[in-house]
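Protein chains: 2
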Amino acid sequence: MANPPQAPRGMRDFLPDRMILRHHVTGVFRGVFERYGFEPLDTPAVEYAETLEGKYGEEADKLIYKFEDRGGRRVGLRYDLTVPLARVVAQYPDLPKPFKRYQIAPVWRAERPQKGRYREFWQCDADTVGSTSMLADAEILAVVYTALRELGFPQFVMRLNNRKILKGVAAFAGVPEGEEASVLRSVDKLDKVGEVGVRTELLEKGFGEDVVGRLFELLAPEASGDVLARLRTQLVDNAEAQDGIGELEQVREYLGALGVPEAFCRIDLAMVRGLDYYTGPIFETVVEEPRIGSITGGGRYDHLIGIFSGRDIPAVGSTLGLERIVDVMEALGLFPAAKTLTRVLVTVFDTAAAPESLRLAAELRAAGVCAEVYLAEKGGFRKQLAYANAKGIPLVALLGPDEIARREVTLRNMADGSQESVARGEVVGRLRGEVVGRLRG
Amino acid sequence: MANPPQAPRGMRDFLPDRMILRHHVTGVFRGVFERYGFEPLDTPAVEYAETLEGKYGEEADKLIYKFEDRGGRRVGLRYDLTVPLARVVAQYPDLPKPFKRYQIAPVWRAERPQKGRYREFWQCDADTVGSTSMLADAEILAVVYTALRELGFPQFVMRLNNRKILKGVAAFAGVPEGEEASVLRSVDKLDKVGEVGVRTELLEKGFGEDVVGRLFELLAPEASGDVLARLRTQLVDNAEAQDGIGELEQVREYLGALGVPEAFCRIDLAMVRGLDYYTGPIFETVVEEPRIGSITGGGRYDHLIGIFSGRDIPAVGSTLGLERIVDVMEALGLFPAAKTLTRVLVTVFDTAAAPESLRLAAELRAAGVCAEVYLAEKGGFRKQLAYANAKGIPLVALLGPDEIARREVTLRNMADGSQESVARGEVVGRLRGEVVGRLRG
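Protein sequence lines correspond, in order, to chains A and B.
Residues 217 to 657 in this note's numbering are what the first sequence lists, from first letter to last.
Residues 217 to 657 in this note's numbering are what the second sequence lists, from first letter to last.
No lab work stands behind these hints: they were computed from the structure.
A portion of the hints provided could be inaccurate.
For chains that are exact copies, the list does not tell them apart, and a pair is met inside one copy or across any two.
[To be verified] Below 27 Å or equal to it, Euclidean Cα-Cα: the simulated BS3-like pairs (lysine-lysine) are: (1) K421 to K408; (2) K383 to K421; (3) K408 to K278; (4) K313 to K599; (5) K313 to K594; (6) K555 to K313; (7) K421 to K405.
Just need the whole structure built from these sequences, with the hints factored in.
Set out below in structure tokens:
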């Protein structure tokens, strides 16, 4: 094995400097989820293949990693966290409802790897199962808003739409029954290929000029005024669309009461979301800069759980995409600069002096300070300072024979090389303050 | 799909009441790891098959889940966190050394499922790569000690041994070269089958009465006195054993300086640890009650990374077994009683009153209180109280038309059913205190 082996294609190691950032983000998510009453759930990485198949749409099904279990049962790696949730709700019918859970975990998709697309990536999901109320939908959006604000995002837009409205629009435009999905798949590409591209694709699919024209008339973004009020009038005869419009109006009202400013939300009729299983409100979050696609996505899926449990149980939720959120935060400079969590390196002079260093480190740790001891009984202080420097540790506590004899410690600030002597008994008190400002998930 | 699908055989869902306990434990681990200067690492669940194969021993290799990647490459699910670490160290040769990382993640083994044995389970590992010093070994043991004490374990024993001593003992007892591994595998069963069982097995394997007799003489636990001092004399001519004895003596000294009491450590010459790759000190932790096997296990493995990198890089580390630790803590009653993290449920009277409830919940959350809003605009207070009761939420904030008119909230204590009226403006201040004492990872 001469060439060192690599992580598998399309999958990544997260070295400590990256993991510190990821922990910071997931720590904020956990805090927000829990304050909103969502509780942690974990499910196996592996599910029976029949649990996964037929839930995401044909194209997605091809991307599920499948293999045989020991007993010859067909299994697969989970593709998202929503289908496992649906399976859990069906498997444990006695869970009190509404059941509000969050899950932060990796998922696997056998995609062709490319920039920003990986075969293993993490999702952070919050979902509410068992409520048809728009209180639940608004709460999910408030969770997304609170989490992104707490991470320091200055601006973003949560786009809202409703599958019921989209179906109403398709019907009103004259799309034949059963072909809405095909139309929506094309409309979904608006961001990528523009209006001309979508028009062309729809015409190529065989839809008439008149149908396509009416579609774009209805879906056009509003220059001013309220898009929902306009649609109410236009789709007056379509009960399902009226229902969907009412849902979004209620979501807007509840969002206001939850303290989510209007500037962060926008009704976007051309926003479709790819997955098959959505049935009501759908939402995603985008940032202007950097242009990276949606950083969160979700919606209401009132029939998915019924596939497993035999009776429909309503549900709504959202994914926060860890990878993209970390990327955007880096681009926007939203992370505190820290290569390491360790605040101080305690030097080791030699074997005889090592216990003194260990005692100092033990006291620092007991006081909550992240402290390393240099892990060799020889090597010289120069080498130890170079280690602190390479790791980005901001402080070094030098403990040589002179210091030990004088009951002192020499504290060296690695940023500017300044040093000062501190009485041994005062070191812990001095360094306790160093804990503040650290990244912590 | 009439019967609800299940989690795959041997794998488990962790519902919120279990996850809250697991988060509590992993949160303590993370805190301890980071205070000792270990930093987070994450690696893919999937590794190339050749990375995993041939590292754990023949029996273990059969338990690796393997399948083919899209491109036809043979891959497998990771079997532990140590081999992926070794691969990472080889793949990124520029990582500053010593490289101290922790990883908390699931691993997969195609075992026959039985009580306490699962096909997916979590390991919590801390390892130091790049130090030959016993400072590193002692530090790993101090991490284990600190983590278990912080979780509230009143008593446990960290058993220490050294593969170098075991090899010396085998040589001294007259075990033919190349057959030490077979002897050690039998000795490893001492806890399970007792001395008679091990003697029988060794005799059946063809070792002579005299060899087996000498072996047990050397490995016998010490009634009194220092086992290492005794061995120093007995194995005076065996350089490797002398080396191993010196290592354990140094580990003991450093543990003292790190504040680990002697009562928590014991030299146990019959403790072997199963894995092939250990080369020096080995350690595991056991509790007297409940008898559940080892709850941590680890040691020094100075050659494993060399398999990947082409040159030996020393390393030492330990796994803390999340599942067994949670089981022991439950048996010992070490968990605070809490089915939920949510402290208060805010009721919803009807659609018109819902925004008032949302505003109160938003204020509570902003103050750090985990607060749920009942997610339906109808249902009556009785149903909402039943929900709080089923979930184990300790407080309910009742907000009906009367309360809203009077600018008050009725706070109900679910434990005893007592209620009191609190001015709306004072509710948040009153409930802020409710945050303390919660479980949090």
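Structure-based check of each hint:
1. K421 to K408: Within one copy, since 18 Å is at most 27 Å while 70 Å is not.
2. K383 to K421: within (18 Å within a copy, 75 Å between copies)
3. K408 to K278: within (23 Å within a copy, 47 Å between copies)
4. K313 to K599: between (60 Å within a copy, 11 Å between copies)
5. K313 to K594: between (62 Å within a copy, 15 Å between copies)
6. K555 to K313: For K555 and K313, the Cα distance is within 27 Å only across copies (15 Å; inside one copy 43 Å).
7. K421 to K405: Within one copy only: 14 Å inside, 70 Å across.
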